[in-house]
Every structure is written in structure tokens, then in C-alpha cells.
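Novice: Protein chains in written order, with the numbering used here: chain A, 484 to 775; chain B, 202 to 679; chain C, 7 to 290.
Because the hints were derived from the structure by calculation, they are not lab data.
Glycine included, each C-beta is placed from N, C-alpha and C at the ideal position.
Do not rely on the hints blindly, as some may be mistaken.
[Said to hold, decoys possible] Far from chain A, by Cβ distances over 10 Å, these chain B residues were calculated:
hint : residue
1    : Ala232
2    : Gln263
3    : Ser309
4    : Gln321
5    : Asp328
6    : Asp350
7    : Gly426
8    : Ser474
[As the list claims (entries may be wrong)] Chain C is faced by these chain B residues, among others (derived, beta-carbon under 8 Å):
hint : residue
9    : Asp258
10   : Ala262
11   : Thr276
12   : Ser394
13   : Asp493
14   : Ser522
15   : Glu608
16   : Gln609
17   : Lys612
[As the list claims (entries may be wrong)] Quick look at which bits of chain A chain C covers, simulated, 3 or more residues with Cβ under 8 Å:
hint : segment
18   : 525 to 532
19   : 544 to 555
20   : 588 to 594
21   : 629 to 640
Take a look at the letters that make up each chain.
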Amino acid sequence: MRNPRTGWLLLSPTLIILIVFGFMPFLYVLVVGFFDWNVFAAEAGMRFNGLGNFRRLVFDDLFLTSVGLTIRFALFAIVSEVVLGFLLAQMLTRNFPGKSVFRIIHTFPLMIAPIAVGAIWRLLVIPGFGPVPFFLDRWFGLTYQIGTYPDQALATSVIMDVWHWTPFVTLTMLAGLSAMPREPVEQAKVDGASRLQVFWYVTLPFLRPVLLTTVFIRIMDAIRTVDEVWMLAGGGPGTRFTGIYIWRVTSPGASADWGYGSSISLITLYLTIVLCWLLFIAISGRRKGEVE
Amino acid sequence: MKKLFTIVLALAFALLANMSLVTADMHDWWADAAAPYAGATIRGVSESTPPSNYVADVLAAQFTELTGINVEFETTSWDQMYSKAINDMEANTGIYDFVYIEQDIIYSYLAQDYLVNLTQFAADNPDLAYEGYDESAFTSFADYFKNADGDLFGVPMEAFVKVYLYRKDLFEDADIMAAFEEEYGYPLAPAESFDQYADNAAFFTAYGESMDMDLWGTTVQGSTGHPASTYEFLESIGPSFGLYNWGINLEAGSAQSANGGALDGDTAVEALSFWLSMLPYAPPEATSSTWDEVASSFAAGRAAQGWVYGENAAWIATDESRSAVTGNVGVRLPVTAEGVVDAAMMGDGYIGYYDGGAFGVPHSSRNKEATLLWLQFIGQESVQAEWAAAGARITHTATFDDPLIAEQDTKVDGYYTLLEEQGPLFAGAPPFPFHAQVREVIDPFIQRAILGELSPAEALSQAAMAVDEELSRLGYGM
Amino acid sequence: MSTGVQRRALRTVTTLGFWVFMTLLTLIPIWWMFVVSMRSRVELFSRPNLAISRLFLENYSNVLTDSAFQRYMTNSIVVSTSNAVLVMALALLATYALSRYKLTGSDNIFFWLITNRMAPPAAFLLPLFIMFTRSFRIGDWTLFDTQLGLILLYCVFNLPFAIWLLKGVVDGIPIELDDAAMIDGAGLGGVLRHVVIPLAGPGLAVTGILSWVFAWNEYLFAANLTSVEARTITTGLAEFVTVTGTNWGELAAMSMITLIPSAIIVIVAQRYIVMGLTFGAVKE
Numbered sequence: 484m485r486n487p488r489t490g491w492l493l494l495s496p497t498l499i500i501l502i503v504f505g506f507m508p509f510l511y512v513l514v515v516g517f518f519d520w521n522v523f524a525a526e527a528g529m530r531f532n533g534l535g536n537f538r539r540l541v542f543d544d545l546f547l548t549s550v551g552l553t554i555r556f557a558l559f560a561i562v563s564e565v566v567l568g569f570l571l572a573q574m575l576t577r578n579f580p581g582k583s584v585f586r587i588i589h590t591f592p593l594m595i596a597p598i599a600v601g602a603i604w605r606l607l608v609i610p611g612f613g614p615v616p617f618f619l620d621r622w623f624g625l626t627y628q629i630g631t632y633p634d635q636a637l638a639t640s641v642i643m644d645v646w647h648w649t650p651f652v653t654l655t656m657l658a659g660l661s662a663m664p665r666e667p668v669e670q671a672k673v674d675g676a677s678r679l680q681v682f683w684y685v686t687l688p689f690l691r692p693v694l695l696t697t698v699f700i701r702i703m704d705a706i707r708t709v710d711e712v713w714m715l716a717g718g719g720p721g722t723r724f725t726g727i728y729i730w731r732v733t734s735p736g737a738s739a740d741w742g743y744g745s746s747i748s749l750i751t752l753y754l755t756i757v758l759c760w761l762l763f764i765a766i767s768g769r770r771k772g773e774v775e
Numbered sequence: 202m203k204k205l206f207t208i209v210l211a212l213a214f215a216l217l218a219n220m221s222l223v224t225a226d227m228h229d230w231w232a233d234a235a236a237p238y239a240g241a242t243i244r245g246v247s248e249s250t251p252p253s254n255y256v257a258d259v260l261a262a263q264f265t266e267l268t269g270i271n272v273e274f275e276t277t278s279w280d281q282m283y284s285k286a287i288n289d290m291e292a293n294t295g296i297y298d299f300v301y302i303e304q305d306i307i308y309s310y311l312a313q314d315y316l317v318n319l320t321q322f323a324a325d326n327p328d329l330a331y332e333g334y335d336e337s338a339f340t341s342f343a344d345y346f347k348n349a350d351g352d353l354f355g356v357p358m359e360a361f362v363k364v365y366l367y368r369k370d371l372f373e374d375a376d377i378m379a380a381f382e383e384e385y386g387y388p389l390a391p392a393e394s395f396d397q398y399a400d401n402a403a404f405f406t407a408y409g410e411s412m413d414m415d416l417w418g419t420t421v422q423g424s425t426g427h428p429a430s431t432y433e434f435l436e437s438i439g440p441s442f443g444l445y446n447w448g449i450n451l452e453a454g455s456a457q458s459a460n461g462g463a464l465d466g467d468t469a470v471e472a473l474s475f476w477l478s479m480l481p482y483a484p485p486e487a488t489s490s491t492w493d494e495v496a497s498s499f500a501a502g503r504a505a506q507g508w509v510y511g512e513n514a515a516w517i518a519t520d521e522s523r524s525a526v527t528g529n530v531g532v533r534l535p536v537t538a539e540g541v542v543d544a545a546m547m548g549d550g551y552i553g554y555y556d557g558g559a560f561g562v563p564h565s566s567r568n569k570e571a572t573l574l575w576l577q578f579i580g581q582e583s584v585q586a587e588w589a590a591a592g593a594r595i596t597h598t599a600t601f602d603d604p605l606i607a608e609q610d611t612k613v614d615g616y617y618t619l620l621e622e623q624g625p626l627f628a629g630a631p632p633f634p635f636h637a638q639v640r641e642v643i644d645p646f647i648q649r650a651i652l653g654e655l656s657p658a659e660a661l662s663q664a665a666m667a668v669d670e671e672l673s674r675l676g677y678g679m
Numbered sequence: 007m008s009t010g011v012q013r014r015a016l017r018t019v020t021t022l023g024f025w026v027f028m029t030l031l032t033l034i035p036i037w038w039m040f041v042v043s044m045r046s047r048v049e050l051f052s053r054p055n056l057a058i059s060r061l062f063l064e065n066y067s068n069v070l071t072d073s074a075f076q077r078y079m080t081n082s083i084v085v086s087t088s089n090a091v092l093v094m095a096l097a098l099l100a101t102y103a104l105s106r107y108k109l110t111g112s113d114n115i116f117f118w119l120i121t122n123r124m125a126p127p128a129a130f131l132l133p134l135f136i137m138f139t140r141s142f143r144i145g146d147w148t149l150f151d152t153q154l155g156l157i158l159l160y161c162v163f164n165l166p167f168a169i170w171l172l173k174g175v176v177d178g179i180p181i182e183l184d185d186a187a188m189i190d191g192a193g194l195g196g197v198l199r200h201v202v203i204p205l206a207g208p209g210l211a212v213t214g215i216l217s218w219v220f221a222w223n224e225y226l227f228a229a230n231l232t233s234v235e236a237r238t239i240t241t242g243l244a245e246f247v248t249v250t251g252t253n254w255g256e257l258a259a260m261s262m263i264t265l266i267p268s269a270i271i272v273i274v275a276q277r278y279i280v281m282g283l284t285f286g287a288v289k290e
């Protein structure tokens, strides 16, 4: 009754657009990744380099540091966002005065362009005109300079990301929670389950698909982050995440190293896929059938 | 009342200048020469700075009126500007008919043969050569845009030197002067040696603290997230100690002392150590400051002295809507080590950075003729003075003598005179076709030195090694 | 009895207190941006003060009267809206296909679709630039610097997200409903129009809204693949950062203005966002 050909027909516009604008550039990057190609080299042009670029990146301190920083950034940010987002969503399932106003205000940061978010936070934290270092110093005697202390720069990026993206998690969690049927929870309570048990055995399994998707989307976006952190700290020590490093390496105004930049992108893409896949297995492995 | 009179005078003068420009003869010449191209649109890319904005808003409109050729400007940020221009020229797409060429990137562009030889092109098209445009009218800054044969590849549109700025109101305050002399045993004055600079910095930082003022002793362009810090060290601090050309020996293809370089040598270490020792006396934003933020800090009155790019000197000294220190800005040559000025006078080395930019025509342009007319239009003598007054930039020798500039000069404490007379002591970036690539390699080491993760000697020796590696990778090495 | 009432009141107060606190955390950065937008350049560097001292509207009037700004704004609106509509339509068709038809390797296709969002954008700028300027060239026309180029390109990161989101929603619509409609004589179009779209409505709406937001906020591609005609508002923001000083006041003013359309959308569409973002949790 359902002819697969119709299915392919329905799928084809999506496939065409993604192949042209997603896969073709990817193929280009894939090829260039095996070449030595810097526009400003003494001898211009591309030279086949085999695995040379990949050999180089294994010993590239800046790249390795950037991977470490990106993972730390993504981990801190996403864990905080999920925990915070879940708590907020849980609170929003109850009724209290002014709920919808609070919810709307809570979603505002999500609507601000990352580059503007970076600008706002830079204005908040740069000594000289930012109120944050000023009041931290005045009230608590703390020295807060993201240009001098890489850890503070990383922490600021994480906090900025949490500020910006927690609303997204709250919304997805809220959607998941509102779709949840009441009966299993009531039943579990009647059976004498504690709150923690209800959460662990009833709520969490039900939320798993939402949780998984939310975390995936956040991981992908966090690893790709460029604009906001760039605007905040310029991508110096503490915030030179992989996305920013790739930008520096490929940017014609900086390294213009297109071959090497492509190889780093490939590795980054590969690592992202593996990470998502491992996570997928870890979270859904036992109950794979149900998730799909 | 006096102010009103000045405004009226300035307006009358501006009108007069405009009218002289659009006298019948020239009007005809431009219209005739441009006739085949009328209606065409030429497009350029530049940063949104006062000189560029003047070109985009004022000169482009005048040019279109005369010739019927439309000029479209894409304004963008500094990083983006390079990316877009280079992508366009490298892929030979022809999006831009003219591009902004900062002095330091010209050698890379010439090495890649991106640009049209303007001298040659004008000679080949005598119909298009405007007689009011004369390549020899430019200051020596234009030499940076010439090849070995003296042919010009870019029409200079702005030029500045990085100078020493100090707060006159502080340096000439009787109480402060007395306090300084009591503490240091000699009179307070704008710094002429590094020791004096350090004393001034320490003194004003302590003074700011004791008075609970937001005042520090010096600026440092020490952003740990931007190439600006490397630039300040390599192009301003280094040369003033006698470290030239980034310590890279172009012939030997090396930055290491062992191979004839100097980036890890004693002079370089001394220069970096001095610069880093100024950080405690700089405002707390110094480690986040790029060029524009250093200027903003100084304009906010947060530093008593410092190294500031010349393009900012004029607005800091005169623009009340942006600066809190108008009328109190002193301008001097940057501090140098003993013998550096003498050597520079002998043509041996330089004392600081002569920066600026030009407009050039990429080979990929499809409107080269119309663009040549446009570049001659902005390069002609008669538009220079007003442009200089609006954008604080001077590219023609004759502009220095213009009454408009003479009047400005007194307001900016003789900055223009300094540019005219001592300009030759400064130099542009070294002739490296790998400018941005190698700078990018040095950046992380300078940044780590600023953070204190590496000592100056460690940072520079590792930087020199990394530079050598990059040079050989690019094919310029040993 | 009274203790129960008291406990409930206490709980409401705690909840309210918590939310007031959260709201402050959310709003302080936005408030600070507003404060900056109300200051002249010279005032910005005075000691930080969270209060607005006077009504200073010059930053706003400068931004609003700039013809470039008006063009950027129009472009942003056209690009984001068209992209959102396109993404909604394509994603609906795609998810319907993936959900209802037995397509060989559909799991792999689904996963491949998703990976399109994982690509680090910086490395793709060069191939995209070449593609936009060379591959898509008809006479003098190229895809570079056109609204169409951005509309199509933004599908690359919006479609994976949309398909993922809608997949669960469409899966959740009982296939029996399709069958019933078909037995009543509806064709594919009829099934989509009368069964799938009404039931997937909220999901579809949220897909559109979030795609709109992602497209509205995109910077890196817009900055590199447009020049004058098709520049969007986010690229306009970056223009304020220059060698001779960042114009923070106007940057903040422009940010505040760009916030308005998104804020309106969020407020109006708030209900649908929550109803639609279920990622397949609706399986009743």
C-alpha cells in the first residue's frame, strides 16, 4: 500500500539540499585534509601530503589543549544546563502566581544572537566598564580578570553558555514532563515509592528520549561554538576551543592553512560523532528497542 | 561666539573647497573619461573607521556625481576584512574591485600577485590618467606599496605612527610634580628613557591608588585573546629596544640567534621583560585590551602615559563625545633605548611602527578601468585636507601645510608635525610574504608570557623555534 | 488544617522567591545591555553603575536612521522567515517518509541527516564560498550575497534539528488514522493536510520557531557569504568593533532592537513551544 518510491520522493528535497550544502563541502574538506595547502606558502598551490596533517595534529599542543578545553566546557555547561533545566521545568509543572510571565522571561536569553550574547558578557566582565569585576572587588575583594586568568575565562564561558542555553533545556524538559501521563506516578506513590524512586524509575525512563535529544543537540552546538566565546574573550588561553582554533587556522587573515584546518575539522567531526554515539549507547543501550 | 565664527569659517572654507573641486574643466574631464563606464558599480571592502567612512559617505558621493559610476562599500570588522578579500582574490571571483590593504599584508599580496600594477595600468590607459593625480605627491609611506621598480600597487588612504601619549594635566600639576621629585629625586617629565618610563608608571599607579582614582601608570596592549599583544611587542616595544624585523633573519630564514635571527636574543628578552614589567602598572583591563581598547582606556583617563596608535591620537585629544581627556593630551616620540634614534636617523633600524593602509585593485576585478578612476579621485591633492581633518590621516606631503591641518595640529599637541618631521624614523611591518602566518605562530607564546606561564626568555626561545618550524613548512626556511 | 494552609502559602512564597531570583539572573545581563545602549561613549568608562542616569537616545536614533541597518533588518527577517517555512515543509515531508515508509537504510539516513549539524562551521567556509561564487553562477548572477543562498544554506543546520524533533511527533501519530483517511479516499496530500498537520501542529510550530531563531542568530556563514545586498543583522553587530574603538553603545542599541522581533515571537508562541517540544515523548 505504501510505495517506498513515494517515500523517497518525499525525502528527496531534504536529501538534495543536505547533499549539496552539507555533504559536498564535507567532501571538499575531506579531500583538502590530505593536502598541504597554505595560500601564503613560498610555492603556492596544493601538494598531496598523505597523513602528514594528521601526524602533525597529534603533536600540536594548541589543538590538544583546545580539545581538552572544549570537552571541559561542554561537560560543565551541559551538565549544569540539564540539572538546572530539569529543576526549573519540574517547578513549572506546578501552578503558582505569575508562572507564565516567569517562563517567558526565562526564555529571553535563547532569543539573543550568540554574537550579541558574547558582546553583553564582555561588557559585563571586562574590567574598566564591567560591573562584575568592579563589584566582586568592592564587596568580596576578589580579583576577576578573564584576560589574566584562563580558568576564569573558561568559567565565564561556561556561565555564559548556561545563561544562554538553559532555557532551551527547560523548554524541552517541560514539554516532556507535560506529555507524561499522571497514572504511573500516582500508582508508584500509592505503592509507597519515595520521591527519588519515582524520579528514578518512572520520570527518568519516560524522559529518556527528550533528555537524549536535548543533550545531543547541546553537545553538537557546544562543540561548534565560535561567535559568543570569540566575542567574549577572543579565543585566548582558557577559551581557545576547537571551533575557534579551526577558525584561526583556516582564516585567511591568520594562518590561512586550509589543508591543516580541514584535517582538524575532520578529526573534530569524527570525535563529535563518536562521542554522541557512545553517549547514545550508554544512555539507551539496554532499552534500545524502546527509544527507536 | 568665537566658536560660532570658527564654524562659519570652516563651512565657508568647505564650500569653497568643494566648488574649486567641481570647476567646469575638471568636471568635463571626469565625465568624459568615465563616459564608457557610467552606470557601472564598483565595490570595495574596508573597515568602518573614520577615514573609510569619509570615503564611503563623502568622496563616493562626489565621485558618483561627477562620473555616474556607483561606489558600493562593504564595511566589516578587521578579521573579516582580510578573510573576505583574500578569499575573493585567491578564488579569483571578482567580488571586490578595490580592497583595503593594510601596510603589513602588502608583501603577502604582492608575493601572490593579487594586485594590479597601478602605475603600469595608468600608463597603458592614458585616457584614464588624471593629471591632478600625482604619485610623487604622496609621503614616503607610499613607498611601502611599491615594487622594486617603483611602481605603485595601492593608493595610500591612511597613515599613522604609534606614539607616546601622556596626560598633560597630570604631568604639569604642581602638587604632583613636587611629590614626584621628592620621591625620585628628579623632576617629573614625559619619559625619555625606559627607567624614567617605569618610574612614571610606578608613581602614577601609586598616586591613583592613594587618591582612590581610577588611574594607572601606563597602557599595555596586552590582550591574551587577540594578536594585538604580539603586534605591540614586535612592532613598538621591540624596535624601541633595537629588535628589528621581529628578530627574523629573512636571508637565513630563521628567528633563532644561533642561525642569525634575534627573536630569542638578549635584546628581545630585555624588551619583553620590560614590557611585561609594565603590566602591574597598567589598568586591569590591559590583558583584555586590543588597540581600540587601549585607546578607550586612555580616553577614559585611566592611564597617565602609554603607547597609542596614531589613528586614535586625534579623537582622544579633541572629541569630547568620546574622550574625557580632551585638551590634556601630550604627544611625544615613543621611548627608546640609547642609540636607537641615532641609528634610525642613519637609516639603520627604526623606532616604532608606521602603519596605515591603501586601496588596491585585485586582478580579479571586472571593472579595473572604473576603479582606476576612483582611486585617482581619492588620491588627488584637492580632496586630501578635508579628508585629513575628518579622519586624522595624512598621505600627501602637501597636506601638512594646509591651514586646516595646521589648526588641528595645535589641538593634538603637534602630532602632525611629529608625523611630518619624525615619520621617517618609523617603519612599516617588515617585508614578509608570510606576515600573518608567522605572527599567528608567535601569538600563543606572547600570550603565555603575559599570563606568567612562561618567562620572557622561555617564551621567546620557544617562539623562535616555532617560527623556524613554520618558516620551513611554508618554504621560506633554511 | 491551618498548618496545611500555612505550608502551602510558605511553599508558594518560596517558589515565588526562587523565580524572582532566577528572573533577576536572567535579566541583569539584558538590563546591562540596555544601560549601555543608553550611554554616550564617554560615559561608558565611568565607574560601573547599574542605574540609568538620563534618557540618551542617540545610539538608537543613529542605528534606526542608518539605511544599512534597515537593509540588514529586512534581510534578516526575509531570510529567517523563509528558512523557517522551508524547514518546516521539508522536515514534515522527510519525517513522514522516514516514519511511514519502509526505506532501506532509513536508520542510517536519519543518523546521517543529524550529523550535518555536527560539522564545525569554520572549515566549511572555503568550500561554501567557492560553491556560492563559482558553482552556482548563471551569467552574472551568483548565489553569493543573495538571500536565497542563506535560506538554503541554513537548512544544513536547521533541518537535522527539525527532523529529529518532528520524527518523534510524527511517529506518535497512530498509523491507523492515516489508514482510515486513505480508506475514506484521501490521497497523500489529504492525509498530510487533514491528519498529520493538525496532529503535529504544535511540533511543527516549535520547529518553525526554533529554526527561525537559529537562522536569525547565525553569524559566521552570513558574514562570509554575503557582501552588501544580503547582509544580515548579526553581521551588522560585528561592524561596530573597529581599530579605532568599538562603539559599544550602538552595538548594544542594535542588539536591543534585534531582540524585539524574537521576543515577540516567544511571547506569542510560548504555548506551542512547550506543547511541541516533546521529541517523541507523546506516546499515549
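Novice: Of all the hints given earlier, name the ones this structure violates by number, lowest first.
Specialist: Hint check: 3, 7, 9, 10, 12, 15, 16, 17, 18, 19, 21 fail, others pass.
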